[in-house]
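Chain order of the listed sequences is H and A.
With the numbering used here, the residue at position 243 of the first sequence is 243, and numbering never jumps.
With the numbering used here, the residue at position 39 of the second sequence is 39, and numbering never jumps.
It is worth saying that the hints were derived from the structure and are not from the lab.
Hints should not be assumed to be uniformly reliable.
One copy or two, either will do: identical chains are not told apart, so a pair holds if it fits within one copy or between any two.
[Said to hold, decoys possible] When the alpha-carbon atoms are kept at most 30 angstroms apart in a straight line, the in silico DSSO-like pairs for lysine-lysine are as follows:
#1 K41 with K238
#2 K238 with K216
#3 K216 with K41
#4 K104 with K171
#5 K153 with K57
#6 K30 with K153
#7 K259 with K216
#8 K42 with K206
#9 K171 with K92
#10 K256 with K206
#11 K104 with K206
#12 K216 with K42
#13 K216 with K30
2 protein chains.
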Amino acid sequence: MLNFETMSPNDLRAKIRAREITGPTAGMAKGYTQANLAILKKEHAFDFLLFCQRNPKSCPLVDVTEIGSYTPSLIGNEADIRTDIPKYRIYKDGVFTDEVTDIKGYWEEDMVAFLIGCSFTFETPLLEAGIPIRHIEEECNVPMYKTNIACEKAGVFEGPMVVSMRPMSHKDAIRAVQITSRFPGVHGAPIHIGDPAQIGISDIEKPDFGDAVTIKEGEIPVFWACGVTPQAVAMQSKPSIMITHAPGCMFISDLKDEKLSVL
Amino acid sequence: MLNFETMSPNDLRAKIRAREITGPTAGMAKGYTQANLAILKKEHAFDFLLFCQRNPKSCPLVDVTEIGSYTPSLIGNEADIRTDIPKYRIYKDGVFTDEVTDIKGYWEEDMVAFLIGCSFTFETPLLEAGIPIRHIEEECNVPMYKTNIACEKAGVFEGPMVVSMRPMSHKDAIRAVQITSRFPGVHGAPIHIGDPAQIGISDIEKPDFGDAVTIKEGEIPVFWACGVTPQAVAMQSKPSIMITHAPGCMFISDLKDEKLSVL
């Protein structure tokens, strides 16, 4: 069996393009940044870019294509964003209409692709520091919640911040603040620690996205701004067409995670 | 005499609006972020925002107005960007045509104002750490140089990175790397230390902008990406109209410098 963990991003993208890989990308090309995708038409591009600029903790852009270009040249020089993600979702007027493995048929001349960093990047150094990550231990998706924290509005785009949650010991929580502060380009430090009610989460056992995880005796929930925020916000504005990656099926970039660390 | 150093940003902006202050803003509203200005028309706004996004060390955006809005709402809720800067420069087709204290007559419905962070923000913590800053000691402008480092292109915008230089002892240089790394949102860590030729600077005594400063025996030049870069790059593309602040006459924002620190 091929070892996807040590394979290069370029080789993996070739396999994805050839539809030899059509599922989740977690664990592939270890050490390389994976990114969320949101494609919008030109009419919304400035406002959405401005929204990301104003909400950097929720919307850490790792690349944005030029209008009409399907190559995220900064993080994947040979890549084609229309074919190099295992699975895409098509939304029309904010409604999910289709899941496909190739979006060549949907691509338009005035589209812009936004590649948004994800928490995979800071989970690796957390694990390396010996901090257990519950949803990895329990082999499920990270729990995500809508909060009462409003994002900064930009044009038609507005909505609440979505957060991801990782329970940990108080000692690990302090260390996790230090480690993730080194990555301001991919969510950065937590936005909240402790009482979920303070950020408008009424039931920690019922996440809005992803799966619930065990919070053990003596553990504290630690919340980070989540890359689902911009997708959720864009969807709410009901653009005529919007294309995203399917959950877990990310873009594997040439960017090394360590490049995103400021210290 | 009024003490501008301890006056609030809002009060200072009122005085600037009333033309009671028409000169440089250095040292005013200590602890609050001052910003460079670049105003462009909508046709260039997406590309310029993308240019800043792709070159965050040179172009640290602290706010961008919505199309047609003259209020940088994130950093100056009551501000009017058309009147709240002491002096503006007007460029037509890339040529400097006028210097004015008010741009109401130049403002158009499709203009976008880009507020770009400046090195004042990280110079305060350097001084507080006991690191002398030569151009402040010598009461002149920081020396700035064009380099052979190409910025990441975005649409019509491309050009070399401009850097500012501060000479210091080797010990201070190490500490300065640590301190400025805490401010990834305002230029961050240096981009080069030592031999100027390596980044294409042929004569350190002849800066392209600002003033030359003394480099003492045993000191090493330390280079940071400079906020002049985006203005220089935008100018090169010769937009029909572009408005900037006049040198040293900055926008005084409500944002505390410490807000821009990640640690």
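K259 and K216: within-copy, between-copy, both or neither at 30 angstroms Cα = neither (34 angstroms within a copy, 34 angstroms between copies)
request  = Indicate which option fits the pair K41, K238 if close means a Cα-Cα distance not exceeding 30 angstroms: within, between, both or neither.
outcome  = So K41 and K238 pass the 30 angstroms test inside a copy (12 angstroms) and across (27 angstroms) alike.
query = Between the shortest in-copy and the shortest cross-copy C-alpha distance, which are at most 30 angstroms for K238 and K216: within, between, both, or neither?
reply = Neither. Shortest intra-copy (40 angstroms) and inter-copy (61 angstroms) distances fail the 30 angstroms Cα cut-off.
inquiry  = When Cα atoms must be at most 30 angstroms apart, do K216 and K30 count as within-copy, between-copy, both, or neither?
reply    = Answer is within: at 29 angstroms inside a copy they meet the 30 angstroms cutoff, but 46 angstroms across does not.
ask   = Under a CA distance limit of 30 angstroms, which applies to K256 and K206: within one copy, between copies, both, or neither?
value = neither (34 angstroms within a copy, 37 angstroms between copies)
message = Cα distance capped at 30 angstroms. Does K153 pair with K57 within a copy, between copies, both, or neither?
response = Both ways: K153 and K57 sit 14 angstroms apart in one copy and 25 angstroms across, limit 30 angstroms.
inquiry  = Regarding K42 and K206, is the shortest C-alpha distance of 30 angstroms or less found within a copy, between copies, in both, or in neither?
reply    = Answer is neither; intra-copy 37 angstroms and inter-copy 43 angstroms both fail.
query = Should K171 paired with K92 be assigned to within, between, both, or neither, using CA atoms and 30 angstroms as the limit?
reply = neither (46 angstroms within a copy, 58 angstroms between copies)
ask   = Between copies, within a copy, both or neither: which fits K104 and K171 at Cα up to 30 angstroms?
value = neither (49 angstroms within a copy, 55 angstroms between copies)
request  = Tell me, please, which holds for K30 and K153 at an alpha-carbon limit of 30 angstroms: within, between, both or neither?
outcome  = Only across copies: K30 and K153 sit 29 angstroms apart there, 35 angstroms inside one copy, limit 30 angstroms.
key: Alpha-carbon proximity context of K216 and K41, limit 30 angstroms   = neither (45 angstroms within a copy, 55 angstroms between copies)
Intra- versus inter-subunit Cα pairing at 30 angstroms for K104 with K206 = neither (37 angstroms within a copy, 53 angstroms between copies)
Hints 2, 3, 4, 7, 8, 9, 10, 11 and 12, counting from the list given before, are not met by this structure.
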